[in-house]
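Take these sequences, add in the hints, and give me the full structure.
Line by line, the protein sequences give chains P and R. Going by the numbering used here, the residue at position 153 of the first sequence is 153; the numbering climbs one at a time, nothing skipped. Going by the numbering used here, the residue at position 378 of the second sequence is 1378; the numbering climbs one at a time, nothing skipped.
Any given hint could turn out to be false.
Stated by the list, open to error - Pairwise CB distance ranges, derived in the manner of DEER restraints:
#1 R:1088 to P:185: 20 to 30 Å
#2 P:316 to R:1033: 39 to 49 Å
#3 P:35 to R:1242: 42 to 52 Å
Derived from the structure by calculation, the hints contain no laboratory data. Ideal Cβ placement from N, Cα and C applies to all residues, glycine included.
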Amino acid sequence: MSRLALLQLMGLGAAAAALGYWQIVRSPELVARADNPRRLDEQWRTVRGQMFDRRGRPIARTEVAPDGYVRRVYPVPTLGAVTGFMNPLQGMTGLERAYDDHLAGRAGLDPRTAFERRLLHRPVVGSDLILTIDLDLQAAAERALANGPAAPGALIALDPRSGAVRALATTPTFDPNRLTFDPTKDDWNAERDAIAAYAAELNANPAQPLLNRTTQGLYPPGSTFKTVTLAAALQRHLVRTDHRFRYELKPPDRDHRTVWHNNQFVSCQNHTQREFDLAHAFAYSCNVAFADLGSELGAPTYLEIARGLGMDQAPPFDLPVETSRLASRPDFFTGDERFYAIAATAMGQGEMLVTPLQLALIAAAMANGGQPPVPYLVEEIRRPDGRIVFKHQPRRWLGGVSSGTAAAVRDIMVTSVSDGWASGARIAGAKIGGKTGTAELGGVRTEPHAWFIGFATADDPRIALALIKESSGMSSAVAAPAARIVFEAALGGAA
Amino acid sequence: MRLSWRLRETGLLLSGGALVLCGAAIASAARRGELVPAAFAPLLVYLAAALAVHIVLSLAGVRGDQLLLPIVVALSGIGLVFLLRLDPDFGMRQAIWLVLGLVIAMATYFLTRRIAVLRRFKYSIATVGLILVGLTFLFGQDLNGSGARLWLGAGGIYFQPSELLKVLLVVFLAAYLDEHAVILSRGAYRLGPVPLPPIPYLIPLLVMWGLAVGMLVIQRDLGAALLFFGIFVAMLYLASGRLLYLSVAVAAFAAAIWVAYRAIPIFQNRVDTWLNPWAQPSGLGMQSIQGLIALASGGLFGAGIGLGRPGYVPAVHTDFILVAIGEEAGLAVTLGLIALYAVFIGRGFRLAMRSRSTFAALLAAGLVTVIGIQTFVIIAGVLRLLPLTGVTLPFVSYGGSSIVTNSVLLGLLLRLAADAEGPA
Chain P
1 MSRLALLQLM
11 GLGAAAAALG
21 YWQIVRSPEL
31 VARADNPRRL
41 DEQWRTVRGQ
51 MFDRRGRPIA
61 RTEVAPDGYV
71 RRVYPVPTLG
81 AVTGFMNPLQ
91 GMTGLERAYD
101 DHLAGRAGLD
111 PRTAFERRLL
121 HRPVVGSDLI
131 LTIDLDLQAA
141 AERALANGPA
151 APGALIALDP
161 RSGAVRALAT
171 TPTFDPNRLT
181 FDPTKDDWNA
191 ERDAIAAYAA
201 ELNANPAQPL
211 LNRTTQGLYP
221 PGSTFKTVTL
231 AAALQRHLVR
241 TDHRFRYELK
251 PPDRDHRTVW
261 HNNQFVSCQN
271 HTQREFDLAH
281 AFAYSCNVAF
291 ADLGSELGAP
301 TYLEIARGLG
311 MDQAPPFDLP
321 VETSRLASRP
331 DFFTGDERFY
341 AIAATAMGQG
351 EMLVTPLQLA
361 LIAAAMANGG
371 QPPVPYLVEE
381 IRRPDGRIVF
391 KHQPRRWLGG
401 VSSGTAAAVR
411 DIMVTSVSDG
421 WASGARIAGA
431 KIGGKTGTAE
441 LGGVRTEPHA
451 WFIGFATADD
461 PRIALALIKE
471 SSGMSSAVAA
481 PAARIVFEAA
491 LGGAA
Chain R
1001 MRLSWRLRET
1011 GLLLSGGALV
1021 LCGAAIASAA
1031 RRGELVPAAF
1041 APLLVYLAAA
1051 LAVHIVLSLA
1061 GVRGDQLLLP
1071 IVVALSGIGL
1081 VFLLRLDPDF
1091 GMRQAIWLVL
1101 GLVIAMATYF
1111 LTRRIAVLRR
1121 FKYSIATVGL
1131 ILVGLTFLFG
1141 QDLNGSGARL
1151 WLGAGGIYFQ
1161 PSELLKVLLV
1171 VFLAAYLDEH
1181 AVILSRGAYR
1191 LGPVPLPPIP
1201 YLIPLLVMWG
1211 LAVGMLVIQR
1221 DLGAALLFFG
1231 IFVAMLYLAS
1241 GRLLYLSVAV
1251 AAFAAAIWVA
1261 YRAIPIFQNR
1271 VDTWLNPWAQ
1281 PSGLGMQSIQ
1291 GLIALASGGL
1301 FGAGIGLGRP
1311 GYVPAVHTDF
1321 ILVAIGEEAG
1331 LAVTLGLIAL
1341 YAVFIGRGFR
1351 LAMRSRSTFA
1361 ALLAAGLVTV
1371 IGIQTFVIIA
1381 GVLRLLPLTG
1391 VTLPFVSYGG
1401 SSIVTNSVLL
1411 GLLLRLAADA
1421 EGPA
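Below, the structure written as structure tokens:
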């Protein structure tokens, strides 16, 4: 009889051991499982922190329903690429993802408060993000992209002194409100289906609305890259600002093209001028001059300076970024085509692929002392009681070029706007600097991409930007006037 | 009034009652932000009824174990706190059943003034039991869609006969085995070289095996089959002390289960799910996995009563109530529950050893074994030590049939405890 009793007590002992195993030993792993509905439930009841623009205007907020579930609302839907969205199918994106710990109130608590909260089951209230975005400038950026022919495009504008991103626009856009699960709705299945349908619609769109073109769109930079060549040539004292180019040009053919060595077509200004200075070679995007500068510098020197300005590495940023690259093949600059490679790259062709963010950083470097700033979106994180738990600290990232070089490039870029292809961006009385680029898409019979990079102003660098409109034709006609809209807003006090 | 007030019971009931009342108050505060009387009134009524039972027992000068009633009240009280928190409707009905259960326990206690009467009516009891089983086999209904046809009844009132059958079986086996205890000394029959158990053992052995296999095949109820066969094997062992018969019986049952596994897809699924629920986290393995996640969410001290989300686990108010307790009150309380069962079982066997007759000893040990096996089968099922079977957690889970049966069991144990103390 005692054996039978012992057997039953041993059974209970095994049950007790198994309870300890599942409740303690395996607990972390089980709780973290994706099919643990408590995680979602907690998320749907967490009063997430708000997001504000730099002047305190709302960009994301949380509405609490009487039953405790919360709805996330994005009052500026065009900022979906910045805020991101959240739903059970795709998880979180954007700043929602990058700052989830703060927004959900897990970070920024001192241990004692965190313990008290857990013990007393106080509802969690997340911290607010104060963004660098300026909604006025953002609106101007969106107007700029809508200006002219309707086409996908991207514009990123930042403060060249700090790297604070003031506007980030990418078109076509999506509505993050429609991609965010709303647990206050009665029918969760219908809500889930609606999100899935909208996501499928976005994914089926060949223009890829979910792609953040400013940081993840890789494009050939066209002539905007002559800025790098110019900086490299000045940095290595290959030329001085008063340098003059003289070419014996053969008579132009019907298409205003002239034959250059290796049968590469090059062109410059009115194609008959035989002599021009460095500033105008830049302002009129003289391919032959910049190809020669690149060839004389040599690939190793050229690539080193380009990398110092951020090429071939992803800038640290709060949103996912693509790495801008100088070549698509590892042996492009060393193989059989090496002479062509450096000449083509220096004039803005070759194999480079860049993000608008990368070009904006190069423009910012030229506007402000030579070093590309570290871009950032979050200025400050505040607890609901006003306590600041995070404040952005300026960081150094890359060496860039010397301040003397940068100042020379800056002045030449100003010339490019006052007397060059970039004149569409001109504003009377302001020293705007810029460079256009018309990136032809190899062989395909589509219109080229229209680029503009630049800054305002040379004396008081408040804003640097890069914008691209895909397949929209000549940059001087399309991109420069669009940039002007943003510069006007910035000079009018928007940034 | 003689000086035989059950003082120990008073203390245990009051302290246990105070603790579960705290639990109900916490749940109410956590769920609704204030103390809602409706949220713990049913618990108060049940505790008052338990106190009344205690007073009646004391006034009647009943002696005997003073731990059994407080343990049952503590277990039922904890269960009620969680049922009220999970679903006030279920909690309300459970409270009614629990009060009714106390009445039944008292009725059982006072009606079995002479425990030997049960012994005399053993064949009537066995007949009632077999009729119940037969009816279930023929007219059983599957109320919860589990695939097992366990319920009898009509017009909204349903009853699960297999519950009551447990107690009837123990009473019958205790009486039967007690009567044939002499045969133990005799030699066994032989079938060639194989020694067979004596006929009085062989017949019930075959009947029980048939019953268990019938439950497996006809009712698809592995839990009940395990439970019944376990009770039978345990009592056979108690009465005979022979391991040989046990081995034969266990082997035969194992063979039946193996055949069932090969032949009946439901069983195959269930066993496969047991071995690897992770393979189908949203299918057959869902309940098991969600139960384990709920337990894991509780950790050592739990999310707090009323602050977890145990509602995601299917059948959380019946078979899976342990995971609700584990999620909200943590390992601390689930281990406490196990300890309560352990003390209950310990007290039951202590009672059996102090009983004055073999029948009483077999009866006490058998009854307590019902609780022991059932507790183990369901907890082990939830914790994946055994395949999951649909059995309630005694005294804690929601369910009228289960409460009625366990109340009869408690009444009998109280009677046996009183008898063990000798004539008052």
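Hints versus structure:
Look at residue 1088 of chain R against residue 185 of chain P: about 26 Å separates their beta carbons, and that is inside 20 to 30 Å. A hinted range of 39 to 49 Å holds for the C-beta pair residue 316 of chain P and residue 1033 of chain R, which are about 45 Å apart. In this structure the supplied range 42 to 52 Å holds for residue 35 of chain P paired with residue 1242 of chain R, their Cβ-Cβ distance being about 49 Å.
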